[in-house]
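Heads up: the sequence shown runs through residues 1 to 150, numbered per my numbering.
In short, the hints are calculated from the structure, not lab data.
Treat the hints with caution; some may be incorrect.
[Stated by the list, open to error] What follows is a list of derived Cβ distance ranges for each label pair:
#1 R52 with P103: 10 to 20 Å
#2 P25 with P103: 16 to 26 Å
#3 G91 with R135: 32 to 42 Å
Every residue, glycine too, gets a C-beta built ideally from N, C-alpha and C.
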Amino acid sequence: MQNLFVYGTLMCEDIMEEVSGCFLPCVEGRLSGFCRRAVKREHYPAIFPDDRGIVAGILYMNVPPPAFERLDRFEGEMYARRSVQVEFDYGTLLPAETYVIRPEFLDILEAFDWDYEAFLSHGKRVFQKHYRGYRLLDPANQVSSVKPVG
Numbered sequence: 001m002q003n004l005f006v007y008g009t010l011m012c013e014d015i016m017e018e019v020s021g022c023f024l025p026c027v028e029g030r031l032s033g034f035c036r037r038a039v040k041r042e043h044y045p046a047i048f049p050d051d052r053g054i055v056a057g058i059l060y061m062n063v064p065p066p067a068f069e070r071l072d073r074f075e076g077e078m079y080a081r082r083s084v085q086v087e088f089d090y091g092t093l094l095p096a097e098t099y100v101i102r103p104e105f106l107d108i109l110e111a112f113d114w115d116y117e118a119f120l121s122h123g124k125r126v127f128q129k130h131y132r133g134y135r136l137l138d139p140a141n142q143v144s145s146v147k148p149v150g
């Protein structure tokens, strides 16, 4: 089992449980060397490598392989899973996986950071109702290729 660092919609424990299919313990953490941006015309963000960046998020502990299979489908082709080191509790580092936007999709990012509080108050219900990644969780409803809006 591996840890998972999340920085967007999956910071909501109810969304994470729905997507992963399990309840997972979590702690707050930081990821250095990355920058988070809003995705154009969407309610979710993406991260990309940036030596000067630090991204705040949540570290879910001991994610089982079946949950990662669901998460990979949910995230779709726009994201690649990468191994990272997450900092928490006074500089302690823990290994984790995270989802990083693929370079060919960088042009769909806004020039500003994604706002978690705005997501909670204005975007969460819309995201849960319309995000195409939910359709990919049901194997009977597989889509061959998911393209981002934009």
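Results of checking the hints against the structure:
no., hint, in the structure
1, R52 with P103: 10 to 20 Å, "holds (18 Å)"
2, P25 with P103: 16 to 26 Å, "violated (33 Å)"
3, G91 with R135: 32 to 42 Å, "holds (41 Å)"
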